[in-house]
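Asks: Chains as they are written, first to last, in my numbering: chain A, 1 to 152; chain B, 1 to 730.
A few of these clues could be false.
[To be verified] Here are the computed lysine-lysine pairs in the DSSO-like style, where the Cα-Cα straight-line distance is at most 27 Å:
| hint | chain 1 | residue 1 | chain 2 | residue 2 |
| --- | --- | --- | --- | --- |
| 1 | A | Lys-40 | B | Lys-208 |
| 2 | B | Lys-680 | B | Lys-582 |
| 3 | B | Lys-194 | A | Lys-40 |
| 4 | B | Lys-538 | B | Lys-455 |
| 5 | B | Lys-245 | A | Lys-140 |
| 6 | A | Lys-40 | B | Lys-538 |
[Claimed, not checked] Reference listing, derived: stretches of chain B covered by chain A, where coverage requires no fewer than 3 residues with Cβ under 8 Å from a Cβ of chain A:
| hint | region |
| --- | --- |
| 7 | 224-232 |
| 8 | 675-689 |
[As the list claims (entries may be wrong)] Label-pair restraints from in silico Cβ distances:
| hint | chain 1 | residue 1 | chain 2 | residue 2 | range |
| --- | --- | --- | --- | --- | --- |
| 9 | A | Ser-5 | B | Gly-21 | 42 to 52 Å |
| 10 | B | His-668 | A | Asp-51 | 25 to 35 Å |
| 11 | B | Glu-168 | A | Lys-112 | 51 to 61 Å |
| 12 | A | Lys-149 | B | Asp-203 | 18 to 28 Å |
| 13 | A | Asn-52 | B | Ser-55 | 43 to 53 Å |
| 14 | A | Ser-5 | B | Gly-359 | 40 to 50 Å |
| 15 | B | Glu-690 | A | Glu-18 | 56 to 66 Å |
| 16 | B | Gly-420 | A | Pro-61 | 30 to 40 Å |
| 17 | B | Lys-561 | A | Lys-112 | 50 to 60 Å |
| 18 | B | Lys-94 | A | Asn-52 | 46 to 56 Å |
| 19 | B | Lys-614 | A | Ile-59 | 49 to 59 Å |
Keep in mind the hints are simulated off the structure, nothing from the lab.
Glycine included, C-beta positions come from ideal geometry on N, C-alpha and C.
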Amino acid sequence: MITLSINGEKHIIDVSPEMPLLWAIRDIIGLTGTKYGCGKGLCGSCKVLLDNSPVQSCIIPISAAQGKEILTIEGESKNLQLLQESWVELNVPQCGFCQPGQLIAATALLDKNENPSDTEIDDAMIGNICRCGTYQRIKKAINRTVQLKKQS
Amino acid sequence: MNTIKNISRRGFVKSIGLASGGLILACNTSIFSDKEIKPENLINFNPNLFVQLNSDGSLTLVASRSEMGNGVRTSLPSIIADEMDADWTRVSVKQGTGDSKYGDQNTDGSRSIRYLFDPMRKMGAMAKSMLITAASQKWQVPTNECSAENHFILHSSGKKIGFGDLVEIAKTLKTPDENSLTFKDPKDYKYIGKHLRSVDAEDYVLGKATFGIDKKIPNMKYVAIERCPVTFGTVKSFDKTEALKIPGVEKIIEIPRIERPFGALGGVAVIASNTWAAFKGKEALKIEWNLKDNQNYNSDKYMNEITKNVHKNGKVIKDKGNINKAFKDASKIIESTFQLPHLIHAPMEVPTATAWVQGDKCEVWASTQTPQSARKEVVEYLKTTEDKVTINVTLLGGGFGRKSKPDYVIEAVIASKLIGAPAQVVWTREDEIKHGYYHTVSAQYLKASLNKKGKVTGWLHRFALPSISSTFVSGVEYASSGESGAATNLPFNIENHKVEIGKAPAHVRIGWLRSVINIPHGFAINVFADELAYEAKKDPLEFRLNLIGEDRILMPKAKIKFNTARLKNVLKIAAKNAEWDKELPNGHAFGLAVHYSFFSYVASIVEVSLINGKVKVHNIFTVIDCGIVVNRDTVIAQMEGAAMFGLSLTYYGKITAKDGAIEQGNFHDYKILRINEAPKIHVEIVESTENPSGVGEPGVPVIAPAIVNAIFKLNGKRYYNLPLTDHDLV
Ligand code: FES
Ligand code: FES
């Protein structure tokens, strides 16, 4: 038995401790917002926050996530919510598939850095592929969120 | 005869996925397509597009097309809402299942808007007219004293009534004669041509959008399939012992090869209680294969072969003027050979389908671009009838042409039938890259003559590439005439023009990939034209405009005309936006390309730098003329995305085969552009009242040649083969 704490809720599951967190979240717990894109830590579609740090859930076994707080795209966080609003405002998603991972990566960035430079944005987002090519809007949406936060 | 009818009181609304009640208009759009008009469509009314106005004022449209990031689910209803003067926020969209009753549902060829623009406007105008009639009856006033505004009908006296409150009367009305309908003046459009947010935007960012891979059914099994590394190889024997030891793996079964263009490749399937177990089980299988003929496919050797085939005479498909004489009289001859590799789609969501076969009935949930051909394949496989098969279309996590081939849907159906439970087939990323329908590999040879004044007098274009037709008809060894595209319809004013095709048999499945044949042709033509400008000692922009020459219509018999004035126009605007003549920082240069495809005109000018031998693209100025624009933001987004798609293939795109097996397997060796490499993209859309034309694909082909042309200015080298990683430039 392994206990996972996801978005503030405890889930006790009975699967192999080696199972990657991604599949436990999707197939066992049934939260499908976290996506599979590559399974090898290469694309960022599966990103979640593990104790506030962004990780590729496809390569983290659930044993390593035990006792930690996991935040997925379905969860609540101030920065995540603000970013989601900017994402909608600027119509960032095309197919939308990579966007949960992009939003989690951007949330992790803003959690640590209130005023990221363009290079810092690139560095934080480099692990997230968007095959539809929405990068320009992603950058704009992050910058917009930063500006709105400054104003308030 | 009317193409739209009031079907509010007919029984079959449930079958189209609408709740009964309300005013329902149905339209037959097939007569609007650019295919031939079938007489039976004019006689039998087979509606395939539906809109329903409910008494609470909500308006529902059944969307027949798949959403894959192209914004169709937003742009189509916006047309109706605009023409109807409805409130956009009251409109919702329902996804139609795969059924011929919706007309052609193929979401490819960049044509959704092209086919559906007129019928959508008519529907809107018709609904409005009926609501006005309903209001005039209710108030006992003449219709010409009534008008519509933002979901209300207004009377000149100042009273007004909501659309929803008129439904009961409108339901009983006959549809008016279509010739009596009045349409809005385009300048009064409220939504068409404006920025509209995707109807799915919120679901996307909240993680609530349901893609194919997100479908869950109680008792559903997860399925992963190991397929033969060599295309069309078959299973000889397999050992499942190790695979069965993995917790969660329940069963191992063999999937037969279905020899149809969209049939299953066949292989060994792991049935498991979760995706991870299925993937692990697949890795643990020990399989012996019959590798068959394609095991000798080595893409390097193959490239040499097809290159030889373009260096000798091929099948002539166009011969205008006298090319031999032009070459003989030339003051200068230029020849170049272009080589481009296979590509694969790599949509962010891998191919995934869920099927549940119960007796002779089957229901499918899949991210597919072509629910109808999926349905046909399922009917064929199960030997059942169409009414027993339902294809539900989920959102697509990207398609780019991959999901117009429903082989993975058949796999799910086979698995479900064999295990007697709902089955979800999920491809691993490795499966997607190694077992796809590849964008064709190509060799092209171009030869041109210049006269003393630097004018191009002759142009020979020979190409050899495995044809998409080979996927449908075995033994095809030459590209089809449809694949001659821009090579034949060259928009340049050249007296002597010859096109030949060389032999190129296929050894993998060849399929459509975003902008298809325009990638190789657009590349070779644009790079070669730039080379000619250099040889003629002219500025590439001025040279190109002259090469396109006087304004004229090409392909005059086509329903949608190819107007060279529009081609020059996009190039001129791009040059103006980029400030083509301005001084750039040291180590920076502009490159240009212009191309016509999917009936749209696109030019891109790129600003590139070469610093320490590495290429960086800083800015892309793209201009598109795609006729009337429905959703401005969608067009801009598609052009931005197309530029990134083009950049990925320029920098990294290359699929190779060794002994018949594809060598790449994931994003480390099939790289996709990342955010730090993304340039700024500046999009301008030409204002136009021409027919709407394609938007999803035509932005791709210009990117690679524009970059290669810019690099030439920086280091004097012209790269005739891609990707640029092969030249150590990225
Ligand atoms: S699925 Fe985890 S990084 Fe791609
Ligand atoms: S929006 Fe489609 S992959 Fe990013």
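Asks: Give a verdict on every hint.
Replies: Hint check results:
no.	hint	result
1	Lys-40/A - Lys-208/B	holds (24 Å)
2	Lys-680/B - Lys-582/B	holds (18 Å)
3	Lys-194/B - Lys-40/A	violated (41 Å)
4	Lys-538/B - Lys-455/B	holds (10 Å)
5	Lys-245/B - Lys-140/A	violated (49 Å)
6	Lys-40/A - Lys-538/B	violated (50 Å)
7	224-232	violated (count 0)
8	675-689	holds (count 5)
9	Ser-5/A - Gly-21/B: 42 to 52 Å	holds (46 Å)
10	His-668/B - Asp-51/A: 25 to 35 Å	holds (27 Å)
11	Glu-168/B - Lys-112/A: 51 to 61 Å	holds (59 Å)
12	Lys-149/A - Asp-203/B: 18 to 28 Å	holds (25 Å)
13	Asn-52/A - Ser-55/B: 43 to 53 Å	holds (50 Å)
14	Ser-5/A - Gly-359/B: 40 to 50 Å	holds (44 Å)
15	Glu-690/B - Glu-18/A: 56 to 66 Å	holds (59 Å)
16	Gly-420/B - Pro-61/A: 30 to 40 Å	holds (33 Å)
17	Lys-561/B - Lys-112/A: 50 to 60 Å	holds (56 Å)
18	Lys-94/B - Asn-52/A: 46 to 56 Å	violated (40 Å)
19	Lys-614/B - Ile-59/A: 49 to 59 Å	violated (30 Å)
Of the numbered hints stated above, those contradicted by the structure are hints 3, 5, 6, 7, 18, 19, listed in ascending order.
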